[in-house]
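Could you build all of it, start to finish, from the sequences and the hints given here?
Protein chains in written order, with my numbering: chain A, 149 to 567; chain B, 149 to 567.
Some clues are possibly wrong.
The list treats identical chains as interchangeable, and a pair is accepted whether it falls inside one copy or across any two copies.
[Unchecked claim] Here are the simulated lysine to any residue pairs, SDA-like style, with alpha carbons at most 20 Å apart:
1. Lys311 <-> Ile162
2. Lys150 <-> Ile162
3. Lys311 <-> Ile166
4. Lys150 <-> Arg194
In short, the hints are calculated from the structure, not lab data.
Here's the letter readout for the chains.
There are 2 protein chains.
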Amino acid sequence: MKVEIINVGDELLIGQVINTNAAWMAEQLNLAGFMVNQFTVIGDNRQEILESLENAHLRSDIILMTGGIGPTKDDITKDALCQFFRTRLVFNQEAYENIERFFILRGIPVTNLNRKQAEIPEICNPIANKNGTASGMWFETEMAEREGKVIFISMPGVPFEMKAMLTDPVIPLLKKSFQSQAIVHRTIMTQGIGESFLSDIIESWEKQLPGNISLAYLPQPGIVRLRLTGTGPTEEPVRNQIAEEIVKLKKIIPEYIYGFDDESLEEIVGGLLTAMGSTLATAESCTGGYIAHLITSIPGSSGYFKGSVVAYSNEVKENELDVNPESLLKFGAVSEPVVREMATNIRRRFNVDFAIATSGIAGPAGGTAEKPVGTVWIAIATPTKVIAGKYLFGENRERNIRRTALQALNLLRKAIIYG
Amino acid sequence: MKVEIINVGDELLIGQVINTNAAWMAEQLNLAGFMVNQFTVIGDNRQEILESLENAHLRSDIILMTGGIGPTKDDITKDALCQFFRTRLVFNQEAYENIERFFILRGIPVTNLNRKQAEIPEICNPIANKNGTASGMWFETEMAEREGKVIFISMPGVPFEMKAMLTDPVIPLLKKSFQSQAIVHRTIMTQGIGESFLSDIIESWEKQLPGNISLAYLPQPGIVRLRLTGTGPTEEPVRNQIAEEIVKLKKIIPEYIYGFDDESLEEIVGGLLTAMGSTLATAESCTGGYIAHLITSIPGSSGYFKGSVVAYSNEVKENELDVNPESLLKFGAVSEPVVREMATNIRRRFNVDFAIATSGIAGPAGGTAEKPVGTVWIAIATPTKVIAGKYLFGENRERNIRRTALQALNLLRKAIIYG
Numbered sequence: 149m150k151v152e153i154i155n156v157g158d159e160l161l162i163g164q165v166i167n168t169n170a171a172w173m174a175e176q177l178n179l180a181g182f183m184v185n186q187f188t189v190i191g192d193n194r195q196e197i198l199e200s201l202e203n204a205h206l207r208s209d210i211i212l213m214t215g216g217i218g219p220t221k222d223d224i225t226k227d228a229l230c231q232f233f234r235t236r237l238v239f240n241q242e243a244y245e246n247i248e249r250f251f252i253l254r255g256i257p258v259t260n261l262n263r264k265q266a267e268i269p270e271i272c273n274p275i276a277n278k279n280g281t282a283s284g285m286w287f288e289t290e291m292a293e294r295e296g297k298v299i300f301i302s303m304p305g306v307p308f309e310m311k312a313m314l315t316d317p318v319i320p321l322l323k324k325s326f327q328s329q330a331i332v333h334r335t336i337m338t339q340g341i342g343e344s345f346l347s348d349i350i351e352s353w354e355k356q357l358p359g360n361i362s363l364a365y366l367p368q369p370g371i372v373r374l375r376l377t378g379t380g381p382t383e384e385p386v387r388n389q390i391a392e393e394i395v396k397l398k399k400i401i402p403e404y405i406y407g408f409d410d411e412s413l414e415e416i417v418g419g420l421l422t423a424m425g426s427t428l429a430t431a432e433s434c435t436g437g438y439i440a441h442l443i444t445s446i447p448g449s450s451g452y453f454k455g456s457v458v459a460y461s462n463e464v465k466e467n468e469l470d471v472n473p474e475s476l477l478k479f480g481a482v483s484e485p486v487v488r489e490m491a492t493n494i495r496r497r498f499n500v501d502f503a504i505a506t507s508g509i510a511g512p513a514g515g516t517a518e519k520p521v522g523t524v525w526i527a528i529a530t531p532t533k534v535i536a537g538k539y540l541f542g543e544n545r546e547r548n549i550r551r552t553a554l555q556a557l558n559l560l561r562k563a564i565i566y567g
Numbered sequence: 149m150k151v152e153i154i155n156v157g158d159e160l161l162i163g164q165v166i167n168t169n170a171a172w173m174a175e176q177l178n179l180a181g182f183m184v185n186q187f188t189v190i191g192d193n194r195q196e197i198l199e200s201l202e203n204a205h206l207r208s209d210i211i212l213m214t215g216g217i218g219p220t221k222d223d224i225t226k227d228a229l230c231q232f233f234r235t236r237l238v239f240n241q242e243a244y245e246n247i248e249r250f251f252i253l254r255g256i257p258v259t260n261l262n263r264k265q266a267e268i269p270e271i272c273n274p275i276a277n278k279n280g281t282a283s284g285m286w287f288e289t290e291m292a293e294r295e296g297k298v299i300f301i302s303m304p305g306v307p308f309e310m311k312a313m314l315t316d317p318v319i320p321l322l323k324k325s326f327q328s329q330a331i332v333h334r335t336i337m338t339q340g341i342g343e344s345f346l347s348d349i350i351e352s353w354e355k356q357l358p359g360n361i362s363l364a365y366l367p368q369p370g371i372v373r374l375r376l377t378g379t380g381p382t383e384e385p386v387r388n389q390i391a392e393e394i395v396k397l398k399k400i401i402p403e404y405i406y407g408f409d410d411e412s413l414e415e416i417v418g419g420l421l422t423a424m425g426s427t428l429a430t431a432e433s434c435t436g437g438y439i440a441h442l443i444t445s446i447p448g449s450s451g452y453f454k455g456s457v458v459a460y461s462n463e464v465k466e467n468e469l470d471v472n473p474e475s476l477l478k479f480g481a482v483s484e485p486v487v488r489e490m491a492t493n494i495r496r497r498f499n500v501d502f503a504i505a506t507s508g509i510a511g512p513a514g515g516t517a518e519k520p521v522g523t524v525w526i527a528i529a530t531p532t533k534v535i536a537g538k539y540l541f542g543e544n545r546e547r548n549i550r551r552t553a554l555q556a557l558n559l560l561r562k563a564i565i566y567g
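Right, dumping it as structure tokens:
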């Protein structure tokens, strides 16, 4: 079965807006078991839309379109679809009721313009838009030029309207039409180990995975996501199989797994601190406030995060974090004694349960033979102890800051859980 | 003249990698005066490549391809191009010398595999790849099925290799082939005013722009970029015209213009502080370290940034920033007196020339009737005074943090420049 995506919108062709819709749609369709063969981006231009539909329906069985179905003049996808299917726009009661529901939920009266939006091509079925007034359209038809039915789905170009519509009902309907098998995914989030080292360590686990379960490595800077995908006649047994494999994996790499299904470390840590009623502060040198920023990007973080001292100069390390000037002189700012003092002292000064401290050389300048760019010390202070570790990251300033922050948050997570 | 882009790569169709190449290429081509009519993304599949080329060459005059020209087995674009043009791969001396130059510059010997990469379709000219070993290819040919010549350009899919190649020589060569006019762009960076207010204020300026100069609004959260594009027989006079229009604009909105051509506020502020030999610290409540993070994301920021106190709790505001407990009690943390004290005191404690302080309700919780979510106070302390301002941003936590940071950096910029 061939699937393709057509995104309509002049704004995409100017390059001002990156077409994130296509990648998101392809990922969701892939997760649901539908491989996408082609994306096409065209402008709000009748001739180009018609030509794309002509080409697409000869090679593909499912054609998903986005864009050009709004109420303004430059939105011409609906007209082009009428022309392609040799049909006409008619008022559709179901589409109207969907639109009405949207307004009623928001306590706004329906206008004539909105009523006009309930006009859709006669041969299609409307798809409810939970987040907007443009109705989606589902065409399912035999075509003269080819065998078998073709499904055309037209959705809004606004990402959050399209996303809600694709998630439900489009993908479930496609699964119902085309699939006999259930597909189950689970993503395991790991931090602190590179893709190649990780694959070495878990090689034998990977090899023993049942034939119906496959593994994909999805690396990001500082994080590797492991996605297990299982198939089977029904969902429940596959879900259980995957859960069993995760139990086995946890025994092999307990220290690297921090969460599941795209949870972030700052969410996980926030959840743990909230559950325990514990508090946190950070003392940051090389991360320059980035850890505090990650933590405070989570709503409700004021419940457990008291604050931070960003000590970018030695003077601030001495005055605000009570770091011993002799430690700085003898070992340098990027050293175990200094980072330990930073963690210990911020914990005491801010009167918190847990503290993170970082000191390193983010780059591009500041490296020496002994301490090259990418050298980082991290310390975690808990109610019972202070631990510290040295890391060698790379040469890229932005990545060094990011990797230091993720490493520090994962060390904190482990310190909270394992004491 | 019609231009289209074909991106080849299985990884793009899975949705794991967002096709940023197409948007970047379209923007660059647009800036150079070439409108793009279509993007197509296909997999590393001979049949799909051939079909795309077949369709493209009938409707477009310039076809830019990326991807699938590496040395591995799944890179089949070169073979598909040979088949499409009914030609064969031959060793190309110029391509070989380009590859050799790449290795010589890096002090690495050329291998047989690299020699193999100098084999390109007989009818094309090689395009030097400054950042890799895959040669670009330029086909310029009459086609039996249509009138006029068609240009096909095949480039690597690796973004930084493609970008260097498109910038030089591809776009200059296209301009030489197709354009008689010079095109000049200048982007004016503004902060602190929304797109619609801005367009009202500068309406009469916009109207008096010469006919050969056009204006585009490019809004981002907290920032609106104004891009002037001018055309003329030669570059110099157009450049001067644009400079004159910018002088006029500066008189209308001096307080909102902070820079040009995609400079960031943290870069501008860093440059000013460095030039003056001045120092900076921040006291952050609602921004939670984000301002410190922006500042320290700039290499060399340790030269002027001493650090920050992120005071997420009142306790830290009192203990580490010496905020008067009575101010907190009487006015609340989100108030002018508190933010003024924060700025004044961090400046003194950290012994710096300039200081930023922020206190606000980022949301989604914490709002009241009197101080709704999005209410923010910002203060700037300079060697001679403390200024403070109240802002009402929106309901989105992430955007409130971002907008507060940008506003604070621009206030600091103005305080540094205008005293």
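Of the numbered hints stated earlier in the document, which are not met by this structure? When the structure is compared with the hints, none of them turns out to be violated.
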